[in-house]
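Protein chains in written order, with the working numbering: chain A, 1 to 66; chain B, 1 to 168.
Do not rely on the hints blindly, as some may be mistaken.
[Stated by the list, open to error] Which stretches of chain B does chain A cover? Using the computed rule of at least three CB atoms under 8 Å from a CB of chain A, they are:
hint, region
1, 34-40
2, 54-61
3, 69-75
4, 149-160
Bear in mind the hints are in silico, worked out from the structure with no lab data behind them.
Quick reminder that beta carbons are idealized off the backbone N, C-alpha and C, glycines included.
Residue strings, one per chain:
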Amino acid sequence: MNLHDTDTLIKTAVDAYHPSARIFERVRARIRREHSGVKVLFVSADSAKILEKVFKKYDAWMQKIA
Amino acid sequence: MNAQKKNEAFDAVYDALFPDVYAYFNVCFGAQEAEDLAQEIFLRVWRAIQDGKTPDNWRAWVFRCAVNLKNDFLRRAYASRETQPLDEAQQDLSAAPDDMTRLAVQRAFAALPKDCADLLTLKSFGFKSEEIGTMLGVTASAVRTRLQKAKGLFSEYLEREAKTDEPA
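Take these sequences, add in the hints, and give me the full structure.
Put into structure tokens, the structure is as follows:
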């Protein structure tokens with residue numbers, strides 16, 4: 001093993017600590033998301049039923065008005 | 001600077017510096033913390049660009065922030081004693097070494113005391129002793145002395161690893 005070029009060997013060692021392409025893009029996406037102003041809402045599993053009720057009520061109002 | 005120009009400016013800094021910043025934190029704390037800490041640094045870059053603050057030398061600015069964040073993290077970890085000791089932090093050496101030399105080099109580097117690995121990492125990114133001294137708050141000659149010692153230790157560990165790998 002050539003031990004003379006320590007600097008090159010250190011560079012080789014440090015290279016193993018660099019991020020994968022996946023990490024590279026994931027962190028960029030997280031930063032963008034944080035500043036995009038878009039909020040992700042987590043809704044409950046039965047949200048479809050809740051929305052259906054809301055729209056039925058809204059539909060009834062609209063029919064009354066009509 | 002309009003929003004698109006700001007995005008482009010951010011991407012340019014991110015593309016150029018993220019891999020090294022992540023590697024620096026990975027050497028210091030392991031892969032899990034590296035991702036969070038590197039993200040924090042680039043959130044600061046984002047804010048700086050939004051505020052119209054663009055330093056003359058992004059590389060020096062970013063690494064000064066990184067060294068400060070590392071020190072803050074160490075202080076918090078010491079205060080809470082929740083994180084694992086630095087020497088036990090996991091290195092992500094998942095990139096399969098293509099030969100025994102590379103493996104020995106990685107093992108030798110991973111075995112270094114963290115302050116030595118930290119210093120050698122900054123040096124390997126091309127910073128001069130004066131710049132590293134400014135980041136760490138020590139003189140350039142102190143940096144040179146420590147670098148010499150760290151390199152000596154690395155060579156010593158490497159020789160030991162090489163002997164271990166030699167067939168009996």
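Right, here's what the structure says about each hint:
no.	hint	verdict
1	34-40	holds (count 4)
2	54-61	violated (count 0)
3	69-75	violated (count 0)
4	149-160	holds (count 5)
Hint compliance for this structure: hints 2 and 3 are broken, all remaining hints hold.
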